[in-house]
Each structure stands twice: as structure tokens, then as C-alpha cells.
Amino acid sequence: MPIPKVTTPKKTRYVKAGPTSRALVVRTDIPCGLEGCTACGGPGLKAGGRVIILPDSRFCLEYPAAFDALLKADVILILCDSVLDVLSSLSATRAKYVRSTITSAAKSILFRDKSCSETTGGYAVCSTSEQLADALRASALFYAKHASTIHEYDVLILAADEAIQRTISDALEHHIFSYRPEQLFTVDQYRKHGLESIGMKAEDWEALALTCSTFGESADPFSYPPHFAQQRIEELLKEGKICRGRLVSLGRGRGGEVRQGNIIIKLSSPFYMNRGLSKDIVAVAILKEQWWSEAQRGLPIPYTDPCLILEKDELDAFLLRPVEREEGRKVAYGIVVGIVSRATLEFCGTLKVPFPLVSIGETEEEGVTPMIGNTSLLRPYDRLLPDFFITSPSTLQYAVGKRLVVVLASWESDERSPRAFVKTVLGDVGNRDVEASVLMKEYGIRHNDVYLEDDVLKELAAVGFSNGEYSIPPNIYLNSVGPSTPLPDTEYKDLLSRNLRLAKKYSGLRLDLTEEYVVSVDPYTCKDIDDALHLKRLANNIFEVGVHIADVAHYVHPDAQIDLEARQRGTTVYFPDRRIDMLPHVLTEEVCSLRCWTDRLAMSVIYELEVYESDEGQEVDGVDFGLLAGLTGVEASLRVRVIDSHFTKTIIRSRGSLAYAEAQWLCEMDVPSVDVMYEGGAYMEMSAAIRPHLNEGFAANQIKVTRIQQSLKALLFLSRLLKAERLRKGALILESPGVDFQLDPETKMPIRLQEHKHLSTMSMVEEFMLLANHSAATRILEAYPSFAILRRHPKPTDAMFSTLRVQVRKMFGFELNTESNLSLSCSVHKAYAEGVLTDSQLSTVRQLLIRCMALAKYFSASEFTQDEYAHYGLALDVYTHFTSPIRRYSDILVHRLLAAAEHFDVLPPSHAVTDIMERVCQALNERKEAADRASTEASRIFSTLYVLGRWKALHGDMRPLTTHANVLRLCSECITVVLHELGTEGLVRCKDQTVQIDDLGLWIDLREPDGSVRRVSVFDEVLVEVSFDFSRIYAFELRVTLLRP
1 MPIPKVTTPK
11 KTRYVKAGPT
21 SRALVVRTDI
31 PCGLEGCTAC
41 GGPGLKAGGR
51 VIILPDSRFC
61 LEYPAAFDAL
71 LKADVILILC
81 DSVLDVLSSL
91 SATRAKYVRS
101 TITSAAKSIL
111 FRDKSCSETT
121 GGYAVCSTSE
131 QLADALRASA
141 LFYAKHASTI
151 HEYDVLILAA
161 DEAIQRTISD
171 ALEHHIFSYR
181 PEQLFTVDQY
191 RKHGLESIGM
201 KAEDWEALAL
211 TCSTFGESAD
221 PFSYPPHFAQ
231 QRIEELLKEG
241 KICRGRLVSL
251 GRGRGGEVRQ
261 GNIIIKLSSP
271 FYMNRGLSKD
281 IVAVAILKEQ
291 WWSEAQRGLP
301 IPYTDPCLIL
311 EKDELDAFLL
321 RPVEREEGRK
331 VAYGIVVGIV
341 SRATLEFCGT
351 LKVPFPLVSI
361 GETEEEGVTP
371 MIGNTSLLRP
381 YDRLLPDFFI
391 TSPSTLQYAV
401 GKRLVVVLAS
411 WESDERSPRA
421 FVKTVLGDVG
431 NRDVEASVLM
441 KEYGIRHNDV
451 YLEDDVLKEL
461 AAVGFSNGEY
471 SIPPNIYLNS
481 VGPSTPLPDT
491 EYKDLLSRNL
501 RLAKKYSGLR
511 LDLTEEYVVS
521 VDPYTCKDID
531 DALHLKRLAN
541 NIFEVGVHIA
551 DVAHYVHPDA
561 QIDLEARQRG
571 TTVYFPDRRI
581 DMLPHVLTEE
591 VCSLRCWTDR
601 LAMSVIYELE
611 VYESDEGQEV
621 DGVDFGLLAG
631 LTGVEASLRV
641 RVIDSHFTKT
651 IIRSRGSLAY
661 AEAQWLCEMD
671 VPSVDVMYEG
681 GAYMEMSAAI
691 RPHLNEGFAA
701 NQIKVTRIQQ
711 SLKALLFLSR
721 LLKAERLRKG
731 ALILESPGVD
741 FQLDPETKMP
751 IRLQEHKHLS
761 TMSMVEEFML
771 LANHSAATRI
781 LEAYPSFAIL
791 RRHPKPTDAM
801 FSTLRVQVRK
811 MFGFELNTES
821 NLSLSCSVHK
831 AYAEGVLTDS
841 QLSTVRQLLI
851 RCMALAKYFS
861 ASEFTQDEYA
871 HYGLALDVYT
881 HFTSPIRRYS
891 DILVHRLLAA
901 AEHFDVLPPS
911 HAVTDIMERV
921 CQALNERKEA
931 ADRASTEASR
941 IFSTLYVLGR
951 WKALHGDMRP
961 LTTHANVLRL
971 CSECITVVLH
981 ELGTEGLVRC
991 KDQTVQIDDL
1001 GLWIDLREPD
1011 GSVRRVSVFD
1021 EVLVEVSFDF
1031 SRIYAFELRV
1041 TLLRP
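Residue numbers are given in full-length UniProt numbering: position 780 of the sequence shown equals residue 780, and the series is strictly consecutive.
Worth flagging that the hints you see were computed from the coordinates, not collected in a lab.
As the structure is a prediction and not an experimental result, all values here were calculated from the model.
Where is the CB? At the ideal position from N, CA and C, for every residue including glycine.
Treat the hints loosely; a few may be bogus.
Simulated DEER-style distance windows between Cβ atoms [to be verified]:
| hint | residue 1 | residue 2 | range |
| --- | --- | --- | --- |
| 1 | Arg246 | Ile751 | 38 to 46 Å |
| 2 | Asp915 | Ser410 | 31 to 39 Å |
| 3 | Ser484 | Glu834 | 54 to 62 Å |
| 4 | Ser148 | Phe812 | 57 to 65 Å |
| 5 | Glu834 | Lys238 | 58 to 66 Å |
| 6 | Ser484 | Gly464 | 48 to 56 Å |
| 7 | Lys458 | Ser823 | 51 to 59 Å |
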């Protein structure tokens, strides 16, 4: 047979340029690779199983989970060169992954069938189904012959391609080759009959990306239990015989729990979740204890009423018995008996098939999309949801490689996965705007521009904004008090601060502070400036400090259109490339923003602070908190206290809108140097480089910066004293990973990452904001003890700390004292000071401490008793949010309470209704939590985009990023690490490497490629390789691999 010439494809990032034709070289010495084969001789693969499997290209492409499961099963997996040829034409990305996986797997062989004289079909490149069927048939016969010289093996062709199935079936029927007909398996046949013979677990097949039309038609006897009738559910709930609650899923629907009062009802497998999805309201029955052993292991039980506790007296008796406890709650095992209401019917996700990343310029030539029919599996974006089965009247080809919105259609008891249909195609996976749309959809973030509606524009016009311009109305100046306002010496004569005396004397009138040197310090990209500070020295050790917050409540009136929309949004959401505002743009960046050299309205709190000496020092239990706060030398003997304070409305004029780096530079330079640098133009160049959009007035007026510098230095000093006071009371220093993204000005794609650097000027602003928030909480609680809007952070229970406490004791030999926040802080910092913890380990411990605690929540004062108001993390007896009304609705509510308390406005009637305020607080908690999670997820996406962009910049040469990471937690399947350089967490998947794992999750032993065993422990600093995970391209996430130290 003549050898055909095959034109080499165009050079891509997968295929390097080569000669214009290929010649096929046929050899007689191609080995089978099986150890002990007398037909080949020589060393080979030692396998414990008695099954040899040859998958076709469709199976490798469309069943990635099953392919990975085969690699771990007790089988010998043979991949023919011909299969790789066809797979490369379907998806070069998948072919590259399959080849690399086969060559590195312990029980797999890459068989050169095209070059072997016994199996060659004479083709240099296999390109058709007929050619591939011939190649698989010949290779199967080759291995049946060679394996017979060693053991009695089953040789299976695992065919997913229908054309190959028909071709080989015809060959079997006509006895064209000799091994038994049952050695040919289709995907469904193998799924039903082939599991036991190779030691496969049935659950390994539940993630099969079945894109063939036979999905759901297997004879698998599994089915979910039937739900109770709705009427019976209502009756049982009314009688208190079953529980109702929100289902908390524990990852891809593999299990979950429902919390009911003091009980945690565990649902240990999909069977017991019984078609419930994350956040659904479900009806749950508690199992009788004789069934707990099966339930704990996730095994199905005979689902009948006698298995359940359905009698009230029996349930009451159970609740009184001492049983296993977790986090201070009683633990039971149960099963979902009905869905009361779905949290949502719409979900975002991506079809589980390979595709090219169009968003980074990958073309069809580089990664061809496989052809699919009208069914497929969809991987939901939410990691707590199971895969969905998608059906369509026509082909789903249009949806491959896209982010989709699907609608849940049904989930019958005989269906493994919920069925859904495509509602909307959002766009390409990896596209920056599309990913943002997914996040906003998933987390319920309102982003439609309702602020352009006529009613909203009328409201803005009513406050003085028209034709894109705004200035404070003259009547506000006329009705204010200022430096020229008379003030009798007898009024508040104990106070040195004239501004504070004026505010107290003329409570209810706005204070004109435009002559004060007010300055704001924010991130360099900030345009919605909502806080500023000023300082005056009143005596050698007494200072006046003003904390000025944008007076948003003056412009956003209760129950107006803007207010209602802001209440629904709850908070501004920040992504690396965009900001989804809570308020209209004209308010956030123009009318309310405390911009430089512009008069703006503010709600201010004016303090008179005294610095004094103390003999007590800054140490507590051997920990120098003064040093932690940044105090050195003689400063360590000083303390600060608030002599007096008062809230008032003001008019301010900022003298400088500084970035943190600018303020830091000013604090670190001496006065003559600043003058020289400023006069020489260097400061203006620096300022323009950092804040070109805000500092034109600063530079244009050629002002001396000495006074601002002096104020900043004094503010920084006072802030360190304030921080030391908080730390001595038990305030915790907690951390979370983060980076600053530098974006391309045009594409807004990340081009550089820098680990977030903490500057002392950041702490300076933070301390005065914390002080103002605490003062606001105290004032509104004093005025409105029943409906003040506060924020609490409950003390964690001992059970919440139990795992971490054991980990640090076993790993480092010190005791984590969790009796109080102060004892906890002391135990951690003492271990660091004594060298027990390194810098990276201290950072890891601080991050793990966050995971041991509940989230801080807003609440109305009547919801809790006063001893439950405290904020554990900040060590404050009462706390609220007051300092960011441009981006948080809770702060607007607090501003209205303060304005009413200080006689500026009348309190809106709805704000005095506790039921209404409780519902508002609950909604604000949900919105804040969703916004925080969306922001974290956006940062993860941008870290992934950065890795992809780095790859693209290297012309397709995938050079993984090598970096250091810290181990956070371990399980048998993966290791969670913190990637500090990327500002996110990553998963090292190690299921096939795990040898042994500690029961307490302290360490894991992994099998290295050379056969050696490596131990990885919690808190370790490890070297990792970070790249994009093309094997799970639909997940759009990073692949993290451990490297040798």
C-alpha cells in the first residue's frame, strides 16, 4: 500500500511547524509494554488487574471524569496513537492533556499502533471513524494475543462513537477477530456491567459528561426516595414532627445539613439530600438512630416511615437525650422529605465539553470544539450545586464554550441529575464582561441603570444638581455657624476646641469648617471619597480631630426612588475592573464625594483628645502591644483618651485628596525636604503620577504642603496610640490574601500583580474610622435604645476553635488560649515573639482564625440583649457603620438616626418600627455577604486572567508560574493553599497521590513520581507551579501543582 503524504497543519501553540509531509515507518520491534510478555520480552508494565481497556477518541473527549477514574482503577489503560490523531482533530487542548496524563500514569501505556507491523493500517495520520475502528480492532487483537502469554485478560474496547460501535459490532458478528463479543463495551454497557470487574466505584461514574442521547435510559436501579405530599408536609410541620429549614450544601451536592434551633441535621449524601439544592427551603425528617450508621456513610436505606421519627413524643424524647455535639449544637442524621420552596430556578454554568478560549484569542484551529447533540451535562458556576442535565429541541452546539443561564425544569426521583434548559447565552467563557455578568447574576447584584429614569433625575435636580454641575445652595451657608459666630466664654469653658464648643452650643445648625486644613487619604484609584480628617493642636498634649463623612443623607431622602433602589442594592460592589455603585454616579463621584478644593457637606464628629503619660506600659501578659501598634521609644509610655466629642453637620473644603503612598511619603520626609522637593517640582510629578484625576487643584495652587504634612504626622501618631488601646483590650489582627491589579488602560485586563502592601497611613485612617463608628454606635444607642442600627460580632464557641487549637498544639507546641479575645491575641503574638511561628506561619494562623469565627452582622437593638452587642474582633462593647454612606446603606440609616438625635432632622417614621428595621438589617447582611463573595470571586477570576495573559504574552509557550504558597487545610482529595503572589487560594488536587492522611487533618503523605513518599503539613510553606487548568476548561480555574522543595 502506498504511504499517503499528509500536509502538516498550520503552526499553533499546540503544533509546531514541521516538514510538509510525513512518512510512516513500520517496525517489528514495537513492544506491548506488559511485564512478562514472552512475545515481546524485556521490561514492561506491572499491573495488578486482569482488564485491558482501549478507549476511543470520543470517550477521551466527552467523558473526562470517567477517563480520570479509569486512570485510578485497577486496569491497564492503552491509548493508541490513532486515537490521539482523531482526538487532536477534535480538541488539541484535550489531546495534549490526555497524552501527558497517559505518559505519566503508573498503569497506562501509549501504544504506537501506526508503527507496529501487527496493527498498522498504513495511515500516517488516522482521520476517519472507519480508520480508527480498524486501528482499535487490530490493537485489541494484538493485546489479546500478547496478554494470553501472561494471564487470562479481558480486553475491552470502550467505544463512545456510534460509528465505531457499529463497525466493530459488524466485525464481531462476522468473526473477523477472535476474542469474545462481550469484550466490546459501549459507554452505557460498561457503566452498567463493567464496574465490578475492574474494581470501579459506582460514584466515579456519576460525573460522566454524557452527551449521547441514551443518558438517563440505563437500567441503573438507583432512585431518590419519593417526596411526601404537600398536604402531609404541612400537617407534619404544623404538628412539629418534622423540621423546616434552609439547606446548606457541602460541595457539588454531595451532602449538606439543615440547622434547626440547637440541632444540626446532617444529610450525608445525595440520597439524603433527596433532590434538594443549595439554599432551598426543605422539609426534613430525623432518622431513627438504628439507621445512623448507614446514613453516616451515605448509604441508601429502605425508605419507609418506620425509619423516621414522625411522632411528637418520640421526637421530644430524642431531643432530651445526650448525643454527639458539634459547635455547641446537637447532631442528628436526617433525610429531605419535601421541597418547600426553591431558592431560585435560574442558574449560571457551562457545558462540560472542551472548547477553545475565544476570550484570549484562541481559534478553532487551535482547539476545535467537538460536535454535540441536543443533550449535555452542565457544570453550574456555584460550587455547591450538582451537575445539571441539559436538553434542547435542537443541537446545543451554539452553547459550547459559553456562559449560560439555565432554568430548572424538573428533577424526578429516577433522574440522577436535575434537568434544565438554556434560557440565555451570556457570552464566551473568560471574557471579562461576561464573567462579571455571571457574578452579578449568581450573587443577585443589581446593576441595571435605573438611575437614568425621570423620577431619579427629578430627585437629583431637587438637591441642586442640573446640567452636570452642582454647588452648595447659598441658604446653607447663611444658616451655618463658623469662626465669626459669637461664643460666650462661659459656654463649655472646660473645652479648648472652639469648633467643639460651637457644635455643642448651636446643636442643630451646620458648622462651617471651610478654613480648616481637611485632607482625605484613600486608595489611589478612589473617586468616591466619603471620609476626610483634620487636626489642630490646642495645647502641648491636647488635639482637636475632626472625622468628616460625606452627608449622603442630605441628598437621599427616605422612601424616595434613589433611597428605595439603594436599600435593595445595600452596598457598592468592587471588582478589579469596575465598581457597581449603590448610588447614582453623580452622587458618588460628584455631589457627595469630598473632592479636593471643593466645598462639600459632611456629617462630622469632632473630638478633643488628650495624650498623657502612664506607668502601666503597653505590655499585657508579656506581649508589647505598643510595639505592634508602631510605637517606639518614649512613645510607649503614652496613652490617649477622648475628653469630649460631638456629632454635627458641617461644610468642609478638602486641602488635599491623597493616596496612601503620598501620605506615607509625606509622613516619612522631614519638613525641609518636602519644601525642596515641592519647589523643585518632584512632588507635583509624583502626585500627578498617582492621582491625576483628583489633585489638579492641589498642584495648580502651588500651596505649601508643610501644614498638611504636620497634620498627617500628628494624626499618624495619635492613630498608633488608639490602636495600642484597642489591642490591649483584645482587638485581633486578622489577615486575608490580597493583591493590587494593574490593568491595561484600554482592555482593562490585568498586566501586573503586586501583593497588597500595608502602609501605616492605612492604619491611620482605619483607627479614626473605628473611633467614629464606635462613637456613632454609642450616640444612637443612647438616643434610640430600641431601634438603633448596630453591628455585632459574636464570640466564637470553643468548638469553633477546636480543630485549629489541636493543629497549633501538635504542630508548634503552644496552646491557643481561646478564653477571650485578649487571651487569644496574647497566645498568638507570644508564640511569634518567641520564634515559635515564622512570618508566613503567623499569617496563616491569622487567616485560619477568620475561618473559626462567625460573620459580623447588622441588627436592630431590640433583637439582642445589651451584653450581646459586643464586637469580638474589634474588642468594642458596641459598634456600627457610620463612615461610608456613599457605598453602604447601613451608614445612611445611621446618619439619619444621628441627624435626628442632634436635632437636624426628624426621624423617618419607618426607622422607628423595629420589625421593619429588623427586616432591613437582615437584607443588608445578605447583600453585604453576597458582595464580599462576589468581590473575592472577581479577584480569583482576574488572577486566572493574569495567568492566561502571561501565557499569551509568551506566544503560547505555557510556562507555569512558580511561587511560594502556604498550606491552609488538607483532605484526602486536595490541599488548599494560599497563593500570596496571586492574592487567592488554590487547590492542589492529589486524590491519586494520597497514601495516608492524618485523622486530624495535620498532614498528608503523597506518592511522588519516583515512588518516594512526601509529607505535607498544615502551615507548611511549599513551592508550587501555577498554570491554567485546560483539563477542566469549563471551570475556568487555576491548576496548582506541588514542586519538590
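Against the structure, the hints come out as follows:
{"no.": "1", "hint": "Arg246 / Ile751: 38 to 46 Å", "result": "holds (42 Å)"}
{"no.": "2", "hint": "Asp915 / Ser410: 31 to 39 Å", "result": "holds (38 Å)"}
{"no.": "3", "hint": "Ser484 / Glu834: 54 to 62 Å", "result": "holds (60 Å)"}
{"no.": "4", "hint": "Ser148 / Phe812: 57 to 65 Å", "result": "holds (58 Å)"}
{"no.": "5", "hint": "Glu834 / Lys238: 58 to 66 Å", "result": "holds (60 Å)"}
{"no.": "6", "hint": "Ser484 / Gly464: 48 to 56 Å", "result": "violated (25 Å)"}
{"no.": "7", "hint": "Lys458 / Ser823: 51 to 59 Å", "result": "holds (57 Å)"}
Comparing the model with each earlier hint shows a violation of hint 6 alone; every other hint is respected.
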